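Work the whole structure out from these sequences, hints included.
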Amino acid sequence: MSLQNILENWSKYRRGAEEGGHHKYEHRWGMAINLDLCIGCNACSTACYAENNLAVVGKERFAKGQAMHWLRVERYWDESINTTSSVAPEYPEEGASFLPMMCQQCNSATCEPVCPVAATYHTPDGLNAQVYNRCIGSRYCSNNCPFRNRYFNFYSYYESAWPEPMNQQLNPDLSVRDKGVMEKCTFCVQRIRAAKDKAKMEDRKVQDGEFTTACAQACPTSAIVFGDRLDPESKVAKLWAQQEVKLGVYKQHKQNPEKRGYRIFEELNIDPSVMYMERVRDSSI
Amino acid sequence: MIEKDIDEQIKWAKINADVLRSMENPRRAYWITFFICIAMMACAVTAEIYQYNTGMGVTNLNNPHMWDMYIATFVFWIGMSHSGTLLSAILHIIHADWRKPIYRFAEAMTTFSLMTAGFFPMIHLGRVWNLYWVLPYVSDRGHWPNFRSPLVWDAFAISTYLSASMLFLFIGMIPDLAICRDNARGWRRKIYTVLSLGWVGSDRQWRNFRKTYLLMACFLIPLAVSVHSIVSSDFAMSIMPGWHVTSFPPYFVAGALYSGCAAIITLFVMLRYYFRFEEYMTVAIMEKTAKLTFAIAMVWTYLNLIEFASTWYGHDIYAKELLIAKATGPYAWIFWTMLFCGMVVPFALAVEKFRRHMPTMFVVSLLLNLSMYFERWMIVAPTLSMAHDPHQWYIEWPSIVQWAIVFGSFGWFGLLFLVFVKVFPSVSMYEVKEMVFHRRRLVNENAAKEYSRRASDRKGAGGTPELKGA
Chain A
1 MSLQNILENW SKYRRGAEEG GHHKYEHRWG MAINLDLCIG CNACSTACYA
51 ENNLAVVGKE RFAKGQAMHW LRVERYWDES INTTSSVAPE YPEEGASFLP
101 MMCQQCNSAT CEPVCPVAAT YHTPDGLNAQ VYNRCIGSRY CSNNCPFRNR
151 YFNFYSYYES AWPEPMNQQL NPDLSVRDKG VMEKCTFCVQ RIRAAKDKAK
201 MEDRKVQDGE FTTACAQACP TSAIVFGDRL DPESKVAKLW AQQEVKLGVY
251 KQHKQNPEKR GYRIFEELNI DPSVMYMERV RDSSI
Chain B
1 MIEKDIDEQI KWAKINADVL RSMENPRRAY WITFFICIAM MACAVTAEIY
51 QYNTGMGVTN LNNPHMWDMY IATFVFWIGM SHSGTLLSAI LHIIHADWRK
101 PIYRFAEAMT TFSLMTAGFF PMIHLGRVWN LYWVLPYVSD RGHWPNFRSP
151 LVWDAFAIST YLSASMLFLF IGMIPDLAIC RDNARGWRRK IYTVLSLGWV
201 GSDRQWRNFR KTYLLMACFL IPLAVSVHSI VSSDFAMSIM PGWHVTSFPP
251 YFVAGALYSG CAAIITLFVM LRYYFRFEEY MTVAIMEKTA KLTFAIAMVW
301 TYLNLIEFAS TWYGHDIYAK ELLIAKATGP YAWIFWTMLF CGMVVPFALA
351 VEKFRRHMPT MFVVSLLLNL SMYFERWMIV APTLSMAHDP HQWYIEWPSI
401 VQWAIVFGSF GWFGLLFLVF VKVFPSVSMY EVKEMVFHRR RLVNENAAKE
451 YSRRASDRKG AGGTPELKGA
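Those protein sequence lines, which keep their order, are chains A and B.
In terms of our numbering, the first sequence opens at residue 1 and continues consecutively.
In terms of our numbering, the second sequence opens at residue 1 and continues consecutively.
Honestly, the hints are just simulated from the structure, not real lab data.
Watch out, some of these pointers could steer you wrong.
As the list claims (entries may be wrong) - Computed cross-link-like contacts, DSSO-like style, restricted to lysine-lysine with a CA-CA straight-line distance of at most 30 Å:
no.	chain 1	residue 1	chain 2	residue 2
1	A	K64	B	K320
2	A	K246	A	K235
3	A	K251	A	K24
4	A	K24	A	K179
5	A	K246	A	K64
6	B	K320	A	K246
7	A	K64	A	K200
8	A	K238	A	K254
9	A	K205	A	K246
10	A	K251	B	K320
11	A	K235	A	K200
12	B	K320	A	K254
As the list claims (entries may be wrong) - Here are some of the chain A residues that sit facing chain B, going by a computed Cβ distance under 8 Å:
no.	residue
13	G65
14	E74
15	W77
16	G137
Said to hold, decoys possible - From the derived model, a few chain B residues whose C-beta atoms are all more than 12 Å from chain A:
no.	residue
17	N25
18	I32
19	Y52
20	W129
21	L135
22	R204
23	K291
24	S310
25	W333
26	R440
27	V443
Since we're looking at a predicted model, the values are computed, not measured.
Glycine included, C-beta positions come from ideal geometry on N, C-alpha and C.
What follows is the structure in structure tokens.
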């Protein structure tokens, strides 16, 4: 790379991130979550526990904030509801909204550059991968995640969380993590891997809807849609296009401001791969 | 009040005798302190074994709160190490010779606090047995650390600084070790013979020694500044509110010098009292140290206010909310204690009456260091408790395991220091002699004339007269 080259093509290199960086992306897995459809049933979270061998930590540790749920359903209440009643209860009867929060697989993820041993990196699939065996547990990645979506194995769970015969229900497609290791949502990378392998064997491309993540599969209202953003025919790509939400920007410029799609904390320029669609509220509530 | 830093009539033999006396026959108080330090360390070792076997969860760390007291204490100890370099290297270069009686223990403090600080990143790692992965060692799998990570820079910076400051401490001690060698018997004599590297005090040795010492001083100054800047980038390089602050590197360096100077005052008072070093660690030197501390305190105050102002008038709503939460939330008592002890208490150093009163200075220096510890806590904890996502707001206080390890780190530091003062001279004998030599010449007018004549004479300028005195 000569100096001349840098000077002439600087703007191109600068723009790189917006056009997918310098990765040659095979896929860019993404999600669209319709919060209007979410009923807060936590089926996605449970499915995630089953699929990804997540440890059940017990009540005390959960209350201490040491839980291992890769996908958590965040609950928020409308402010108007709280202020109208004279004594605002902590959890009012109505006005709740739910927000399933998993790793947003940011395309310029803040967790990646800070890991001292490069245990977390970006894959050509647009995923933010975590290498458990490489992790030394400095927990810097979690500190630098605005979503706080990285979970640390504060204890060793492989003996206590799955007593016999429950260890038989562990998913053999991925490992059980030991203490001192960071882990997080992988978009069910083992399913992605299997689908890609199958497609390769059959000499074709991965079809949209051929497989999906455990959370999307379990969702009773189909609020979660998963797919390949690079495939223009995929459901998720269509939803993103319909909502006029683009990757690679920190502020969406929409033709139609009525569109509900948004990405959480995109103003931090982290470029998340998950689009949420705002909940539509009846104004009377 | 104009006062002598040191009595220029003091005899060479008396200096030797006083310092060598401090190195022998520990009194009972010494052994009591020694065993208290060992007991404190035992607490930490027990806690660490428990934590190692059980998992990091016993520290009460949790999801938003991944870093905690360990990192705050790490930054605190790294900060403590800076004043030794300030006294021995910066003041050496600007020829402030009042540093001479007190720089040796400050330099030792640098090394020992770095040795203490180095433990904390290890203690806090989830898988400490893989610690060496942050170093770029040769691996047949071609694995490298992530050079973009500030933690890797930390590993380089701290190990460089530690080795350089140890070397500097050692080099500065060589002439003194030779004096020890000449006066020691038994096992001590053997050790000092090896350590003094055959020092006989010849002209050539002094010349080489001066050059090396100056070179090391020049090498150490940028290192000291860069180490704490790099520690600050652990925070400043992240995107978290309250951490992502451009002024962090100078703010950290100022805070480091501040807490280090306060620690020097603490140890100054203790050594002066314990070893009866009143003739060397004089009130006049204490006054100068206190003035220096006051100046640094004001720099720190200024940088603190800058940080608040830039957050307040900035456009980062997260950082602004966090600043308000710091001042009003569950950490408010720590925040206000920090500001009071760090910004108001140092004004005691501006009052001459207080500066000259050793017990007051002792208490003030402890309060300043309390403030600096709280400052580190206020940097690490609130940001994690109240970051971007309100669902993950969570206040958590350290468990007894963390307290035990932090407590034990003070024992470890104390132990190293106690061993040091009995094995090595904690006052630099040859440099005190140099200082006295200069003062004598300045008092004696004829000698002063002779000195200026020789200084202006180009031929004579080469033979720096002060070297012969030591």
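A quick look at each hint next to the structure:
1. K64(A) <-> K320(B): Given pair K64(A), K320(B) holds - Cα atoms ~27 Å apart, limit 30 Å.
2. K246(A) <-> K235(A): 15 Å, holds
3. K251(A) <-> K24(A): Holds - the C-alpha atoms of K24(A) and K251(A) are around 24 Å apart, at most 30 Å.
4. K24(A) <-> K179(A): 34 Å, violated
5. K246(A) <-> K64(A): Roughly 38 Å between the alpha carbons, so the hint for K246(A) and K64(A) is violated.
6. K320(B) <-> K246(A): The hint holds at about 29 Å.
7. K64(A) <-> K200(A): With a Cα-Cα distance of about 45 Å, the restraint between K64(A) and K200(A) is violated, given a limit of 30 Å.
8. K238(A) <-> K254(A): 15 Å, holds
9. K205(A) <-> K246(A): Within the cut-off at roughly 24 Å; holds.
10. K251(A) <-> K320(B): 21 Å, holds
11. K235(A) <-> K200(A): Between K235(A) and K200(A) the Cα gap is close to 22 Å, so the pair holds against 30 Å.
12. K320(B) <-> K254(A): 29 Å, holds
13. G65: Nearest chain B Cβ about 3 Å off; hint holds.
14. E74: 4 Å, holds
15. W77: 12 Å, violated
16. G137: 2 Å, holds
17. N25: 46 Å, holds
18. I32: At roughly 39 Å from the nearest Cβ of chain A, I32(B) sits farther out than 12 Å, so the non-interface label holds.
19. Y52: Per Cβ check, Y52(B) is inside 12 Å of chain A; nearest 10 Å; violated.
20. W129: 9 Å, violated
21. L135: 10 Å, violated
22. R204: 46 Å, holds
23. K291: Holds: least Cβ distance 39 Å, greater than 12 Å.
24. S310: For S310(B), whose nearest Cβ neighbour in chain A is about 18 Å away, the distance exceeds 12 Å, so it holds.
25. W333: 22 Å, holds
26. R440: Holds, since 55 Å exceeds 12 Å.
27. V443: At roughly 57 Å from the nearest Cβ of chain A, V443(B) sits farther out than 12 Å, so the non-interface label holds.
In this structure, the earlier hints numbered 4, 5, 7, 15, 19, 20, 21 are contradicted, and the remaining ones agree with it.
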